[in-house]
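Chemist: Sequence:
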Amino acid sequence: MKKLMKASVSILLVLTMVFALAAPSLATADKCNCGEDPIIYVAALGSATLYKDADTENEKVVFRPETGDYVKLIGSLIFPIVRLVIDGNYDAFGDSLVDGVLGVFGSLANAENGDSTPDITTKEEPPTDPTHSLEHSYYFGYDFRADPLVVADDLNEYVEHVKELTGHDQVRFRASSMGGVMAMAYFYKYGSEDVKSVIFQNCPIKGTAVAGALFCGEVEINPVALYRYASTAITTMVPGAGGDILQVLVKTLNFVGLFKGLTDFAGGLVDKLVDKVFADALIPVFKSNCGIWAFVPDEYYENAKKFMLGDKPNAELVARIDEYHYNVQQKADVILNGLIAKGVPVMIVSATNVQRTPLVTAWKNDSDGTVDTKYSSVGATVADHAETFADGYKQANTACGHNHISPDNRIDASTCALPEQTWFVKDMMHCTTHDGHGALYRWFWENDDSILTIYSNPAYPQYLQNDIENQKLVPQA
176 MKKLMKASVS ILLVLTMVFA LAAPSLATAD KCNCGEDPII YVAALGSATL
226 YKDADTENEK VVFRPETGDY VKLIGSLIFP IVRLVIDGNY DAFGDSLVDG
276 VLGVFGSLAN AENGDSTPDI TTKEEPPTDP THSLEHSYYF GYDFRADPLV
326 VADDLNEYVE HVKELTGHDQ VRFRASSMGG VMAMAYFYKY GSEDVKSVIF
376 QNCPIKGTAV AGALFCGEVE INPVALYRYA STAITTMVPG AGGDILQVLV
426 KTLNFVGLFK GLTDFAGGLV DKLVDKVFAD ALIPVFKSNC GIWAFVPDEY
476 YENAKKFMLG DKPNAELVAR IDEYHYNVQQ KADVILNGLI AKGVPVMIVS
526 ATNVQRTPLV TAWKNDSDGT VDTKYSSVGA TVADHAETFA DGYKQANTAC
576 GHNHISPDNR IDASTCALPE QTWFVKDMMH CTTHDGHGAL YRWFWENDDS
626 ILTIYSNPAY PQYLQNDIEN QKLVPQA
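Residue numbers (our numbering): 176 to 652.
Calculated directly from the structure, the hints in this document are not laboratory data. One or more of the hints may lead you astray.
As the list claims (entries may be wrong) - The list that follows gives simulated cross-link-like pairs (lysine-lysine, BS3-like), each with its CA atoms no further than 27 Å apart:
no., residue 1, residue 2
1, K298, K227
2, K338, K364
3, K539, K435
4, K487, K451
5, K517, K506
6, K487, K539
7, K517, K206
8, K338, K206
9, K364, K298
10, K247, K364
11, K247, K451
12, K298, K235
13, K247, K447
14, K298, K338
15, K451, K435
16, K481, K447
17, K247, K235
18, K247, K298
19, K451, K481
20, K435, K447
All chains should be modelled from the sequences, with the hints used to inform the complete structure.
Modeler: Written out as structure tokens, the structure reads:
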């Protein structure tokens, strides 16, 4: 009996010691009553540095490539370019171009099923500072090549960590560009219980035409698009007298035919080399990149699978990219309206009036230079870039009883997934922000205890003008 008692006491003491030692690691932060739920910035493509052979003597950054990698690529093309000009040897130039591209980007190729190869990793670490405010965001980075639904698992762990670290029951999301893809995947898998509110900034929620066209092998370098791209880049990035001077220069170069000459030369290269570059470089590197597949809009998607994956695609890869495409991208309206129905304030910021990347057949699409306005707004009806709707255009959806046509007659927001929660910023380059955007977001966070709309604040109606010089967002006239 005494032995039994001693054994029982011993076991009890051991258990007491174990729990006492474990208590600090199991404890959560004290509840914080500051009234400001922490903000997680779900960052854009390239948010995490990718390493080959990390933490070894052979460690190398493979994304984003370092300056020396680009210098090496350019250097490798100098002789082939000279030879091309002299004797028109496209084969030699094509071989050098493919070798150069693979030298810089070849390590980014995933395994056939869409997983990263074991030698390519990131070094993302969870935050340790509990300090949080409207001026401080927790930065969530990720491998942009990964399956968004796998990244969603990582984001969920990050959310739980930030909640515990800060003593809050919920977080806020501010998703930028590709971060919107990851946020949508998160909402699809984990719902919205842990999220107080969400801002989507220039996000390819419905894709982007540059990815769709390139994944279908559709390349076009248009002189009008190239000139407009240069001109609008100056307008949005170089305000004031300096921008005016550059505009005169660009207009002069366009007048003397520089852009036409450049596109004629580039067009010749494309005609001669496009098949080789796709077959030997772009398809091998990007065909298993689940993240970029999430950018492919629905009108391109099935043709893109045929072009990029061929007749015998990897079944696991197809299942992965199909799940995101058909259950997240193509159900974005359901997911977003579900957030509103559950009382989660949503702000979608879509940029307009910037010439999209002049590399693809969709160069007429209005955009922020990277993501087409119709996709970042999740469904707006948009006139071609630099065009307007025909005289007498009628709003497509009148059920809400509100006017959703832009003052410049270029955008009809009535067809958006959330017409009352979608703001358009004219002349905003992709994810290029200033204090004016910060003021808009701060207003949103200061009032996100309830659903906000384009009518909640007269200073921020549906259609805004980007006043870059004064760093303000003002109502469109």
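Chemist: If a hint holds in the structure, say so; if it does not, say that too.
Modeler: Hint check results:
no.	hint	result
1	K298 to K227	11 Å, holds
2	K338 to K364	18 Å, holds
3	K539 to K435	17 Å, holds
4	K487 to K451	20 Å, holds
5	K517 to K506	17 Å, holds
6	K487 to K539	34 Å, violated
7	K517 to K206	24 Å, holds
8	K338 to K206	10 Å, holds
9	K364 to K298	25 Å, holds
10	K247 to K364	43 Å, violated
11	K247 to K451	21 Å, holds
12	K298 to K235	13 Å, holds
13	K247 to K447	24 Å, holds
14	K298 to K338	22 Å, holds
15	K451 to K435	25 Å, holds
16	K481 to K447	22 Å, holds
17	K247 to K235	15 Å, holds
18	K247 to K298	26 Å, holds
19	K451 to K481	17 Å, holds
20	K435 to K447	18 Å, holds
The earlier numbered hints that this structure contradicts are 6, 10.
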